[in-house]
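Novice: Join the two chains, each given in its own frame, into one complex according to the hints.
As given, the protein sequences belong to chains A and B, one line each in that order.
For the working numbering, add 421 to where a residue sits in the first sequence, where the first one is 1.
For the working numbering, add 10 to where a residue sits in the second sequence, where the first one is 1.
Please keep in mind that the hints were generated in silico from the structure rather than gathered at the bench.
Where a beta carbon is used, it is the ideal one built from N, C-alpha and C, also for glycine.
Hints may contain errors.
What the hints assert, rightly or not - Covered by chain A, per the in silico footprint, the following chain B stretches (three or more residues, Cβ under 8 Å):
1) 83 to 90
2) 112 to 119
3) 191 to 200
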Amino acid sequence: MSADSTPDIGVTRAESCVIACAEVWREAGEVMVSPFGTIPALGARLAKLTFSPDIVLTDGEAALMVGAPAIATRPADLVREANMPYRSVFDVVWSGRRNMMMMASQIDRTGNQNISAIGPHAKPKVQLVGVRGAPGNSVNHPTSYWVPDHTVRTFVEQVDVVSGVGYARAAAAGAGATRFHDVPRVVSNLGVFDFQTPDHTMRLRSYHPGVSVDEIEAATGFALTVPDDVAETRLPTPEELDLIRAVLDPGSLRDREVRT
Amino acid sequence: MADKRTTVDDIVGELRSGMTIGIGGWGSRRKPMAVVRAICRSDLTDLTVVAYGGPDVGLLCATDKVRKVVCGFVTLDSIALDPHWRAARQHGRVEVMEVDEGMFFLGLQAASWRVPFLPTRAGLGSDVLTINPDLELVRSPYGADSPYLADPADADVELVAMPALHLDAAIVHTNRADAAGNGQVLSPDPFFDPLFLGAAERRFMTTETIVENGTLADEGHPLSTVPIHRMLVDGVAESQGGAHFTANPPDYGRDEKFQKEYAAAATDPAEWEAFASRFVFVGDDEYKAHVAERQA
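Isolated chain B, as found in the complex (with noise of 0.2 Å):
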């Protein structure tokens, strides 16, 4: 069995200026932001960011590493917008490809599926439609006539074809894994995290912890808690603290007040700078050494 063990500067390694590229996890919990950050001082740029989106997004906006964003939101939960997003957006700095959270998904598992799009009713009648106006509509191949149509009230009915959104690279964070890619979500959602890794070329992950394989399911964790085979992950690498300051638990909830500070430094360039380089454009361990300081 392959040993899939790498880290964090290998994986952004691998990764290429004008890649599309999916960031697991939901708003601002089990974001992978140790590869973030790490990406964030490479010299890569122009990337397309696929993400149910949090501070993953409104970092690589500040730092100006996006063309676009794939999304259906961007939020840090605990503060409702992005203020890093927000200026993005409200400057014109950015690209978006803003669609249903659900057609979202769909764009994920088509692509994981190997379908060119997947119908919906997800999008019928709003602006998704407008605003994206490459998004096309499919009609219902079943007509009154035929022996498949359930209801009538959905003959030749006209649905959102919604696209497979295929990703370059797929990067998300769990609590542990083994070396041979298998990971574990041990909070309750896995949210699309098996989906991302499904529609991507390229697939990482980073853990909290990497054991020995087929120990997942010790200490009384069912294998339902192990939601990614290895079969969708190229890479491994152990980042103890990697999702910090989005929440991870059970290993740690999110920061809020450090996140309140991320959040503070949209406020002007200065306070941007004195943010960034402590927090930003450093190397793990002197992010948190930096992170450890604040604390003390």
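The following block holds chain A by itself, in its conformation from the complex (with noise of 0.2 Å):
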């Protein structure tokens, strides 16, 4: 669990993320993938080429895509197989044949997530994008976020504005809200999270590679359930690593997002 673990094959910190990023989708079946970021669509095509071969992935505007081509290719080289125009795009989230991966400005310790504003919502500090499509997506489908960046001001104990929905703000809300939400996991440049503890609240699930548990909780702004028996995430296989530096990113567009 120190930097000394890493291994001899030289796997960086950004392919780590791409392995967990992909885990997410293991067992997701025919439904449409929306990964955000480019690690997350990294892991997506991984699992897709790998051992999730039934998932649905866009061509990033109005259609889906054949195959998993490599992250920088031209648009007039994706091959598609279906519509999907964005007011299709709902027929999917609300009918939950969608599992995706959002960003998150702020994360907190029960799963909600904040895209929407930093400070008061009538007078942001900061104003980010909006909360886009994160209600309906977070209570109609698996919803899993990225945050490349882990530290105190991005994992936090309460978001400033509640955008995709955590655990305890579902149960508030009722069955209406709690009956298809899922917050599978978080995957940051330190580790991996889920909300797999009797209360729902945020567990560590894995360190990556070069990473210690002190720093993750000494980068999380709450108090962070670390099970004793808590592992490493896992490395790639050299296939898989074949595919990601040789097949879907030779650019390392992925060292972009996340340094070792």
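Specialist: Pasting the structure below:
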């Protein structure tokens, strides 16, 4: 659980994050996987090329895409299999045939996510992009989160504006909110987290190679559950590493999102 | 058949201060920017803008035309945040009704279908309900003993009642149209443009080219590229480049260089004055000339 456990094959932090994201979709089945961010996009493609061949990916515009091409592929070179304009995306979202990973400017102990504003909503200290589809996504289908910069400012006790709904807020809102609510994972540049605790508060699921539990706790603005037997995020197989490096991201865009 | 041809200036002449105006497109894509600029240089004020927000919202805020924005987000796509919108919000210069982007769609759909609300799970448990205290919940009338209840988990379930988003006017931009008001979108996503028009009292479309009625399906384009029919449109104005600098493929992509200049102009008042005097407070011909000068 310290820096010297980094293996000799030289797996970078970004590559550990890709593996952690891919694992989110191991059991996803035939659903639309919508990854936000470079590393989740790589994770989704890696999952599709290996253990989750049935998942459905979009071309980033208005279509479903065949295969899992490199992330920097020009739109003209993509092969498409079906139409998926935004109007139809809501049919997918509200029928639950989706499993997505959004980004979070703030994430909190019970799984609330914020992408709306920092500070009071009426007059924000920092205006962010807006709640987007987070409220609806989070109560209709599994919604995980990706935080490329894990600090006490991003992992907070309570987010400023609840955009994606966490466990306590869903429970308080009743059966309409809880029926399809699921926050499977939070992946950060330091580790992997879930809510598999009796009160659905955040738990450390694994720490990335080269990261210590102490480092994660120090970068988290609330008390994190740390199981005694918490393990390291698994290493990529040689085949997975080759897919990431040679096929999906030869330009190393992943290193721009997370540096080793 | 009525000839609905009009001009950008005449469209803006039909708008009034205080109106609620829907603007089609999505983010920095296929926005009716020629009309937006014409609103910026008009004496209209106090508008409520309803949009999947992009630089339309930013420009209208930067020129103090807006009292309130109804949106789920404002983004320039290739630049995550519109700094003009950001400044307006952080200085408290504009009200916002911020809702989930699916709730937004249902609001337009409800207005278009003439029902007062549509139910959805979207919004439950989120701060969308606390920052918009007038949003109400609705309890399903189908209880445990109803023959229509498909799943016991939904008995008497409480959902968000997304209110109809009624628009005084809506404006969209398309690739081609005819004088009767049929509109063609040649990029893969019509977004919610037909619903903006359906939710509005007065409905306007600008378009790159007006062609003869009945010829939109020529050149091999399937009729599925014509999502806007003439019952949804009161006026159509030809406006070549009318979505610049937002993306309007296949006619043109986003002018990324221009968009960067637009964003950079938010950094200080002098920058904004310089930008606005060339690219906002000018007529369409002058605008195009200034855009062309930069590219030369």
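Novice: Does each hint fit the structure? Answer for all of them.
Specialist: Quick rundown of the hints versus the structure:
1. 83 to 90: Since three or more residues must qualify, the claim that chain A covers the segment 83 to 90 of chain B holds, with 4 doing so at under 8 Å.
2. 112 to 119: holds (count 3)
3. 191 to 200: holds (count 4)
Comparing the model with each numbered hint stated earlier shows that all of them hold.
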